[in-house]
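Our numbering applies: residue 41 is where the sequence shown begins, and numbers increase by one.
Among the hints, erroneous ones may be present.
[What the hints assert, rightly or not] Pairs of lysine to aspartate or glutamate residues, derived as EDC-like cross-links and limited to a Cα-Cα distance of at most 20 Å, are as follows: (1) K113 / D55; (2) K67 / E85; (3) K113 / E94; (4) K67 / E94; (5) K43 / E96.
[Claimed, not checked] What follows is a set of in silico ranges between Cβ atoms, one per label pair, in the way DEER data are often shown: (6) K113 / S52: 16 to 24 Å; (7) K43 / K124: 31 to 39 Å; (8) A79 / K124: 17 to 25 Å.
These aren't lab readings, by the way, just hints derived from the structure by calculation. Ideal Cβ positions, reconstructed from N, Cα and C, are used throughout, including at glycine.
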Amino acid sequence: MGKKIASAIGYSVEDAAPRLLASGRGKTAERIITLAQEAGVTVIEDPALAVLLEAEVRAGDIIPAWCWEATAKILAFVFAQKEKR
41 MGKKIASAIG
51 YSVEDAAPRL
61 LASGRGKTAE
71 RIITLAQEAG
81 VTVIEDPALA
91 VLLEAEVRAG
101 DIIPAWCWEA
111 TAKILAFVFA
121 QKEKR
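Make the full structure from the sequences, and use the hints.
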């Protein structure tokens with residue numbers, strides 16, 4: 041098994057699309073996951089999207105259109121979970 045990969049995405053209505061907030065491998069990935077869990081942020085496993093984001097997008101950048109479908113599914117799930125609380 042390779043190193044763990046994690047990406048943090050966020051969305052603000054002021055933006056045209058979600059942004060990559062952070063991304064990394066190994067200890068950086070573990071830290072991203074730990075911080076998310078401590079903050080009560082939903083953590084979803086999508087290894088394919090994490091690899092693409094980590095390799096192709098820099099933190100702070102808008103997520104490219106070719107990742108929108110996967111990103112939209114994740115955000116829809118997260119927003120649905122928030123509504124249930």
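- Query: Keeping to a limit of 20 Å between CA atoms, is the pair of K113 and E94 held or broken?
  - Reply: holds (18 Å)
- Task: Using the Cβ atoms, figure out if A79 sits within 17 to 25 Å of K124.
- Result: Holds - the Cβ-Cβ distance for A79 and K124, about 18 Å, lies within 17 to 25 Å.
- Message: For a C-alpha distance cap of 20 Å, please report whether K43 and E96 respect it.
- Response: Since the Cα atoms of K43 and E96 sit roughly 17 Å apart, the hinted pair holds (cutoff 20 Å).
- Query: At the C-beta level, are K113 and S52 separated by a distance inside 16 to 24 Å?
  - Reply: Because 19 Å falls inside the window, the suggested range holds.
- Is the straight-line distance between the alpha-carbon of K67 and that of E85 20 Å or less? holds (17 Å)
- Within a Cα-Cα threshold of 20 Å, do K113 and D55 meet the stated pairing? holds (18 Å)
- Task: Quickly compare the C-alpha distance for K67 and E94 to 20 Å and report which way the hint goes.
- Result: Distance of about 14 Å is within 20 Å: holds.
- Item | Assessment of proposed distance window 31 to 39 Å (beta carbons of K43, K124) | Given about 33 Å between the Cβ atoms, the range holds.
Of the hints listed earlier, there is not a single one the structure fails to meet.
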